[in-house]
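In the order they appear, the protein sequences are chains A and B. Okay, so the first sequence: first residue is 640 according to the numbering used here, each after it adds one. Okay, so the second sequence: first residue is 6 according to the numbering used here, each after it adds one.
What the hints contain is simulated information worked out from the structure, not anything from laboratory work. All C-beta atoms, glycine included, are put in the ideal place defined by N, C-alpha and C. You can take every hint at face value.
Residues of chain B placed beyond 10 Å of chain A at every Cβ, according to the derived structure:
(1) 23
(2) 42
(3) 112
(4) 173
(5) 178
(6) 188
(7) 193
Derived DEER-like restraints, expressed as beta-carbon distance ranges:
(8) A:686 to B:93: 38 to 46 Å
(9) B:9 to A:666: 16 to 24 Å
(10) B:144 to A:700: 23 to 31 Å
(11) B:74 to A:700: 41 to 49 Å
(12) A:696 to B:93: 26 to 34 Å
(13) A:781 to B:197: 16 to 24 Å
Non-contacting residues of chain B with respect to chain A, defined by C-beta distances greater than 12 Å in every case (computed):
(14) 24
(15) 27
(16) 29
(17) 43
(18) 44
(19) 50
(20) 57
(21) 59
(22) 109
(23) 124
(24) 127
(25) 129
(26) 175
(27) 185
(28) 192
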Amino acid sequence: MTPRELMAMQSGLALCRHCELLSRLPATHGKNYCPRCGHEISFRRNNVIQRTWALIIAAAICYIPANILPVMTSITLTSAEEDTIIDGVILLYLTGSWPLALIVLIASVVIPMAKLFALAYLLITVQRRSIKSNRERAKLYRLVELIGRWSMLDVFVISFVVALVQMKPLMAAEPKSGIVFFAAVVVLTIFAAQSFDPRLIWDSADSMENRNE
Amino acid sequence: MPESPVACPDCDLLQHIPVLPPQGKALCCRCGKLLATNKPGANERALALAIGAAIVFVVANAFPLMGLSAAGREVDTTIIGGAWTMWQEGHQFTGALVGLCAVVAPAGYIGIVIVVLIAARRHRPAPSWVGELLHWAELAQGWAMAEVMMLGILVALIKIADLATVIIGVGMFATGAFIALFAAMAINFDPDEIWTQVQWTGGGARMTVNSTQTIDYQEAKK
Ligand SMILES: [Zn+2]
Ligand SMILES: [Zn+2]
Numbered sequence: 640m641t642p643r644e645l646m647a648m649q650s651g652l653a654l655c656r657h658c659e660l661l662s663r664l665p666a667t668h669g670k671n672y673c674p675r676c677g678h679e680i681s682f683r684r685n686n687v688i689q690r691t692w693a694l695i696i697a698a699a700i701c702y703i704p705a706n707i708l709p710v711m712t713s714i715t716l717t718s719a720e721e722d723t724i725i726d727g728v729i730l731l732y733l734t735g736s737w738p739l740a741l742i743v744l745i746a747s748v749v750i751p752m753a754k755l756f757a758l759a760y761l762l763i764t765v766q767r768r769s770i771k772s773n774r775e776r777a778k779l780y781r782l783v784e785l786i787g788r789w790s791m792l793d794v795f796v797i798s799f800v801v802a803l804v805q806m807k808p809l810m811a812a813e814p815k816s817g818i819v820f821f822a823a824v825v826v827l828t829i830f831a832a833q834s835f836d837p838r839l840i841w842d843s844a845d846s847m848e849n850r851n852e
Numbered sequence: 006m007p008e009s010p011v012a013c014p015d016c017d018l019l020q021h022i023p024v025l026p027p028q029g030k031a032l033c034c035r036c037g038k039l040l041a042t043n044k045p046g047a048n049e050r051a052l053a054l055a056i057g058a059a060i061v062f063v064v065a066n067a068f069p070l071m072g073l074s075a076a077g078r079e080v081d082t083t084i085i086g087g088a089w090t091m092w093q094e095g096h097q098f099t100g101a102l103v104g105l106c107a108v109v110a111p112a113g114y115i116g117i118v119i120v121v122l123i124a125a126r127r128h129r130p131a132p133s134w135v136g137e138l139l140h141w142a143e144l145a146q147g148w149a150m151a152e153v154m155m156l157g158i159l160v161a162l163i164k165i166a167d168l169a170t171v172i173i174g175v176g177m178f179a180t181g182a183f184i185a186l187f188a189a190m191a192i193n194f195d196p197d198e199i200w201t202q203v204q205w206t207g208g209g210a211r212m213t214v215n216s217t218q219t220i221d222y223q224e225a226k227k
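Build out the structure end to end from the sequences listed, making use of the hints.
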C-alpha cells in the first residue's frame, strides 16, 4: 500500500476534540492540554467502552417502563383514558392518518431500539477487535448520530397536546409517568452515541497491520 | 505547498487536504467523513442568515403557535408554553428537556454564532473566548431540535383536530420560516475557518505538527 496508511495515534499525534488541532503529545504520562483551545487532549478518552455500555444499559432499562406505562391521560366529562406510546400510534392509525402513525411508530419505538442495538453491535465488534466491514460500521455510527434526535418526537407531541387541551372540566390532557422514562431514553441514547468513539472501529485493524510488518 | 496533515476525527487517518476548488469538499479516503469544504463567503452568509433567524425566532416565540376553541372557550399555546405546562404538571425533567431542545439550544446556537462571527470580523486574531464559545455552539447545535418540534406540533394538531376546532397562529408560520433559516445558517457556518483565526491559549502540549515531517500522507478524496 503506497503511500502507506498512517494513523495519528501511531505517529504520536492527537486530535483535539474541541478545535480539531493536531498536536504531538509527549511520551510522558500526565495530562496534556491543547495549545490552541486549552482543553485536555489525549489519544483516546479513558473508559469509552465502559461508559457507553453503562449508558446503553441504563437506556434499555428505561425503555421498558417508557413503553409499558401510560404517557398521557385524556379526560373528558364522562371518561378518563390512559394511553401508552403504542396506544397513541394506534389512535393515530384509527383516525385515518396512517403515514403519521407510521412516522410516530418509527420515531418512538423503532429508532430508540435500533440505536441501542446498533451501539451494542459497535461496542461488541470493537471489544472483539473485529477488522471486518469497518466502513459499514463507520456509516452505521454516523446514521445513529443523524437519526437519534427524531426519537424526541413523541415528547414534543405530548407536551403540545397537554399544553392545548386544558379546558377543565370539558376536556383535559395530563402527562403520565411513562413520558419521564421515555424522555430519559432519548437523553441516555443521545449521550451514549456521543460517548462512543468511532476511531475505536479502526484501531484494531491498525494494530493488526503493524503486527504483520 | 504541502500543508500540515489533518487527522480524520472519525478514523484517525492522517491525510493531506488537497487545495480545494470553490464549492469543493474533501472526504476521508478511508471512512468517508467530510473533512473540509471550500465555500467562499460562507461565514458572511451565515451571519446574515443567523440575524434573520434570530428575528424570526423572536416572532415565533412571542406569538401563539396554535389555539383551540370548543364550547365558546379558547386556549392557545406558545413554544415555551409546551415546556411550561409540562413543568407545572409536575414533570420538571420532561419540561426542561422540551425547553432545552425547543428554545434554549436553538437560541443559544444562533446567539453564539452571531457573537463569534462578529468578534472574528472585528479582532484579528480572534480572542480565545471565541474558541470557548465555538465549543458551546457545537453543544447547543446537538440539542437544537426545531424541526423535530415542528413535526411534533403537526402530529399534536392531528390528534386534537377531532376534539375541537384548531386555530393556527402567527407563531406557527414564524416557526416554519425559522426552521428554514436555521438549517441554511447551520449549513453555511464554518467553525474551522474561525478556529484558524483564534488566538492560542498556549498551555500544555507545546509542539504541534508541522510540514517538515518526512512522512508520505495520503491525499483525501476530492
Ligand atoms: Zn483544541
Ligand atoms: Zn476517516
